[in-house]
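Taken in sequence, the protein lines are chains V, X and R.
With this note's numbering, letter number 437 in the first sequence gets 458, and the count goes up by one each step, no holes.
With this note's numbering, letter number 5 in the second sequence gets 31, and the count goes up by one each step, no holes.
With this note's numbering, letter number 238 in the third sequence gets 239, and the count goes up by one each step, no holes.
Keep in mind that the hints were calculated from the coordinates and are not lab data.
There could be a bad hint or two in this list.
Simulated coverage check for chain V against chain R, where a stretch passes if three residues somewhere in it have a Cβ under 8 Å from a Cβ of chain R [what the hints assert, rightly or not]: (1) 380-393; (2) 404-411; (3) 436-446.
No farther apart than 30 Å at their CA atoms in a straight line, the calculated lysine-lysine pairs in the DSS-like style are these [as the list claims (entries may be wrong)]: (4) V:K315 <-> V:K163; (5) V:K55 <-> X:K148; (6) V:K325 <-> V:K274; (7) V:K290 <-> V:K274; (8) X:K148 <-> V:K219; (9) V:K374 <-> R:K206; (10) V:K84 <-> X:K247; (11) X:K247 <-> V:K146; (12) R:K31 <-> V:K42; (13) V:K374 <-> V:K284; (14) X:K247 <-> V:K107; (15) V:K111 <-> V:K84; (16) V:K146 <-> V:K84; (17) R:K31 <-> V:K374; (18) V:K284 <-> V:K224; (19) R:K17 <-> R:K206; (20) V:K42 <-> X:K247; (21) V:K55 <-> V:K224; (22) X:K247 <-> V:K104; (23) X:K148 <-> V:K163; (24) V:K357 <-> V:K413.
Distance windows between CB atoms, simulated [stated by the list, open to error]: (25) X:V140 <-> R:E245: 41 to 47 Å; (26) R:P16 <-> V:P375: 52 to 58 Å; (27) R:F37 <-> X:E241: 53 to 59 Å.
A virtual CB, placed ideally from N, CA and C, is assigned to each residue, including glycine.
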Amino acid sequence: MPLLQVTDLSVYFHTRNGVLKAVDGISFEVEAGKTFAIIGESGSGKSVACYSMLGLVPMPPGKIEAGRVLFEGKDLLTLSEAKLRKIRGKGISIIFQDPMTSLNPFLTVGDQLIEPLRLHFPISKKEAWNKGIEILEEVGIKNAAQRMCSWPFEFSGGMRQRVVIAMALVTEPKIIIADEPTTALDVTVQAQILKLLKELQEKRNIGVIFISHDLSVVADIADQMAVMQNGRFVEQGTRDEIFTNPQHDYTRKLLAAVPNFEKPEQENKSEQNLVEVESLHIQFPSNRGEAPIKAVDDVSLDIKPNEILGLVGESGSGKSTLGRAIIRLLNPTSGKIRFDGQDITRLSMAEMKPLRRQMQIIFQDPYASLNPRMAVYDTLAEPLLLHKIVTKKDLDGAVCSLMDSVGLSRESVLRYPHEFSGGQRQRIAIGRAIATKPGFIIADEPVSSLDVTIQAQILDLLLELVERFNLTMLFISHDLGVVRYLADRILVMKEGKLVEHGTVHQVFNSPREVYTQELLNAIPGRTLTD
Amino acid sequence: MWRFIAVRTLQAIPVILTVITVTFFLVRAAPGGPFSSEKAVSDQVKAALEEQYRLDLPAYEQYFAYMVDLFRGDFGPSFNFPSRSVNELIFQGLPITLELGLYAMLIAVLIGVVAGVCAALKPNTLQDYIPMSLSMIGICMPSFLLGPVLVLVFGIWLDWVPISGWGNSAGDKLLPSITLGAMYAAYIARLSRSGMLEVLSQDYLRTARAKGLPEYIVIIKHALRGGLLPVVAYIGPAFAGLLSGSFVVETVFQIPGLGRFYVQAAFNRDYTMILGTTVFLASLIVVFNLLSDILSAWINPRLRYQFRK
Amino acid sequence: MATSTSTESSLLAMPKGVSLWRDAWLRLRKNKLAMFGLGFLLLVMVVCLLTPWIAPYGYEEQDLRLGAVSPSAAHWLGTDTFGRDLLTRILYGGRVSLLVGFVATAVALVIGVAYGAIAGYVGGKLDAVMMRFVDILYALPIMIFIILLMVVFGRNLLLLFLAIGAIEWLTMARIVRSQVQNLRDQEFVEAAMSLGLSPSAIVVKHLIPNALGPIIVYTTLTIPSVMLLEAFLSFLGLGIQPPESSWGLLISYGVETMEEYPWLLIFPGLALSLTLFSLNFLGDGLRDALDPKASRD
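Chain V extracted, bound-state conformation:
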């Protein structure tokens, strides 16, 4: 007997521009102790579907066009607001995506934790408080009693998510909707949270609806799943069915987009290093009289011409700082950086200018890396003009051919960044980076903000460009899977230090360090590749 039965649910949005069919006739069931996963990219309607069941989608402009959602013998879609409120937080709880914003910064953790308890049950504040402490311990927060009086900003991301999970569990719901609960977390933290969720689910026999865009995450935890696109389930079945025998094109596309094979090893015969870093230290003064923050702690590395070096680490590892230092966007505290044999550590801005032609950088956030007031033409023309790559006469031609190289239509060359999608903007950024025909490019998490299918396209574009223009690349990422697909060699960083290096094959199959092994174990979807 399923806990939840959804039949033909449709939710439309009536806007000035017409009707948007956010959810268009989906059906599924959730059983106790089992996880139903919904996979989709942004805009697929997966979140709207679940929120609309509890009446959390603003109506207007939303409207439930059709469907039935049976829970505990009642159709949720026909319940009044007052009755729905009795189920929210009690029969069905939600865990939201971003732990940084889903907790109220002005209330203590304890206050927020016991709130649903005291709302749904006749329980005294003292009893509720004790129950709160119990559940904090259960989700793995130490010093629970003290922590009840802490403020959300005193917790790290992973810990906050544990608090959010505790808040969802404290009323002992039958179903939990987990909306991308680990997307905003580091890989190792993600692994811990997923493990925690699984344990709690088994212990309490809860039915879980797990929403995600990440197939690999879901591979480990789902029992039944559905792939959602444009409001519809394009494919639905058990986990094994979907992964081993996908029927629909879109599903296949999603599966293919997960980089899960290794780049074949290539021999690199170069003798000279293109980039050399020696004993680099980068320190930032702390503003409260504490010890200065060591972002990069005695790092040495070299990058050979025509290779792609992958630099992997979690947030706070210093990888981005290192990248920016190599390209001299930051000043190192001590150490040396050599580019093509030349010591560039202490060069001034003016002295760096001619070298800048040779080294470029692609940033992570496609929304922030383009000047919103400049049309694409101007963004691409800027480096061309600055370094006098082409004359004014040939400028148009050069800009257009850049557009071609990155796969953008020439017609849109006079448009502004906000008129493009995230993936297209990243292409523009790549175009800007290759404009001066540099020898060396640093790609700082260039695909982390993009949808899975778009990621695959951009990664392939990068590979193609490296091949075509004989580029050397430093590819920075937190995603080991992506790095494995792209890189020749890998460096692993942790808290400012380099902890492991080697070829991709070596690092993935026989890592030397414990941390590397942890990272590898934390990669979701190992069951996919086995």
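Since the structure of chain V is provided, determine the placement of chains X and R on it from the hints.
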């Protein structure tokens, strides 16, 4: 929390000292010195005046003498009315001005917050347009215009309320308080509206609703704190504005408060009076800013940790 | 714009994108209140500019036998106790009020932008010192000091401009600084640095165009604030002095005789209020139109 309060209080002290010093030397620098009054004075009287106000001492000695007096709470004698001390005059007018300011502040906060929150709850509807348009009036009609107009309409034409004085006849506190508070009610309405709008789109409200909380609790317990933060931060500067605004309102409504004394002293070049009142008012404002900061930190815990290790 | 003579199709044939400015202008146009404000403001500015040529009477022209008369055909807005035409006086007063408004705002703008941009871009210790200075000034009851200044140094127009500008530049500096700081950390600025652009080129091409939005909005909202301040001071007798007049001064005269000759209060009051309304609505409209959150998807 205590650490925050202590540090902030200590920070306020040099500000007050700066105020006193700057004012003192500014007044000293005034051209047309103490003898520019039309009354011809005999040399003996001149000498006595000089001594009483210690004008025969060099500047910095006068400064220190003044500071010492201040610590004892003595602002010195009035320049134009030597028989009365500045203290006397200040404390005569102060309670009236404070009362006026208090009523005005109450009106401003109550009306402003209610209007702003209501507007934010249903943006772009009548519930939004009406209060916000009315608040525009408060911003665009300065007190010296609003006051007389109110007096004209309600005091003279309709004869519902008295048009001057304070505490003399029933209802005479109504118009002045409204006049003074109107502009601040308008600003507070706008601030609370934009503050609430920002909070209403935050994720943590969605979390609160997902717990099953009824909407009114979501608003009152969760949204108000963050939404009204800008209002709380504004109370300090608002108080400063209210004090300055009282100058005009007291003049228009013939109220014998500190503001009116100040304006008259300014006109009549009563130097010690100007000095004393400025120092007093300025210090009061600094204290109020301090209280406003403390209140902000009480609501927003992140602010409390500014000075922690 | 180079027109290519090569085989690529001419860029002039490409569809032009919608820049953020154009986007903002389109949105502003839809805001009826803001457009009304803009229209009224332009009207007032033009009329006041042309006053010496279009005013019906001379500024000083008195007609003592006439005395104060309520609005009539000869005097559209009536006359004051000296028989001076009110419309003329309002027009001339408007010139002064608007002049003070714009000039003092310009002063605040120049000082505030320079100060805020430097503090925001350079950062570090310099920024800390500069902002501490601003914080202290902010905490002082400037109004009281202005009155003090006016009393002490007498009343001249120049000092008035400077004094008023001295209050407003503080907030402008804060706004500019926070804008520059936010922008400085944006990746497109880092990208410009990595391309090798010089700091001045970065400021001019990348920072300023993106910081303009809030600066424009705040400038539009500072003008009414300044005008209010001037009116306030003039009302107390500490601002503009006769024979010059401003709307504030006219209002103070109107208050004196408001029982007998209410039009002497109402018309100048209306002039001031409507102008302030227009500026505020325009400023609000600009703020909504330039809001980057709304134009991003």
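Outcome of the hint check:
1. 380-393: With 12 residues closer than 8 Å to chain R, the stretch 380-393 of chain V meets the three-residue bar; holds.
2. 404-411: holds (count 3)
3. 436-446: With 4 residues close enough to chain R, the hint holds.
4. V:K315 <-> V:K163: holds, 27 Å
5. V:K55 <-> X:K148: Distance ~41 Å between K55 of chain V and K148 of chain X Cα, so the pair is violated.
6. V:K325 <-> V:K274: violated, 34 Å
7. V:K290 <-> V:K274: violated, 36 Å
8. X:K148 <-> V:K219: violated, 42 Å
9. V:K374 <-> R:K206: Distance of about 18 Å is within 30 Å: holds.
10. V:K84 <-> X:K247: This hinted pair holds, its Cα atoms lying about 28 Å apart.
11. X:K247 <-> V:K146: This hinted pair holds, its Cα atoms lying about 17 Å apart.
12. R:K31 <-> V:K42: holds, 28 Å
13. V:K374 <-> V:K284: Given pair K374 of chain V, K284 of chain V is violated - Cα atoms ~35 Å apart, limit 30 Å.
14. X:K247 <-> V:K107: holds, 19 Å
15. V:K111 <-> V:K84: holds, 24 Å
16. V:K146 <-> V:K84: violated, 38 Å
17. R:K31 <-> V:K374: violated, 46 Å
18. V:K284 <-> V:K224: Violated. K284 of chain V to K224 of chain V sits at ~41 Å, over the 30 Å cutoff.
19. R:K17 <-> R:K206: Between K17 of chain R and K206 of chain R the Cα gap is close to 20 Å, so the pair holds against 30 Å.
20. V:K42 <-> X:K247: Violated - the C-alpha atoms of K247 of chain X and K42 of chain V are around 35 Å apart, more than 30 Å.
21. V:K55 <-> V:K224: Satisfied, since the Cα-Cα distance of roughly 12 Å is no more than 30 Å.
22. X:K247 <-> V:K104: holds, 21 Å
23. X:K148 <-> V:K163: Not OK: K148 of chain X and K163 of chain V at ~43 Å, beyond 30 Å, violated.
24. V:K357 <-> V:K413: The given pair, whose Cα atoms are some 38 Å apart, is violated under the 30 Å limit.
25. X:V140 <-> R:E245: 41 to 47 Å: holds, 42 Å
26. R:P16 <-> V:P375: 52 to 58 Å: With Cβ atoms ~37 Å apart, the hint is violated.
27. R:F37 <-> X:E241: 53 to 59 Å: Violated, at about 36 Å.
Of the hints listed earlier, those the structure fails to meet are numbers 5, 6, 7, 8, 13, 16, 17, 18, 20, 23, 24, 26 and 27, in rising order.
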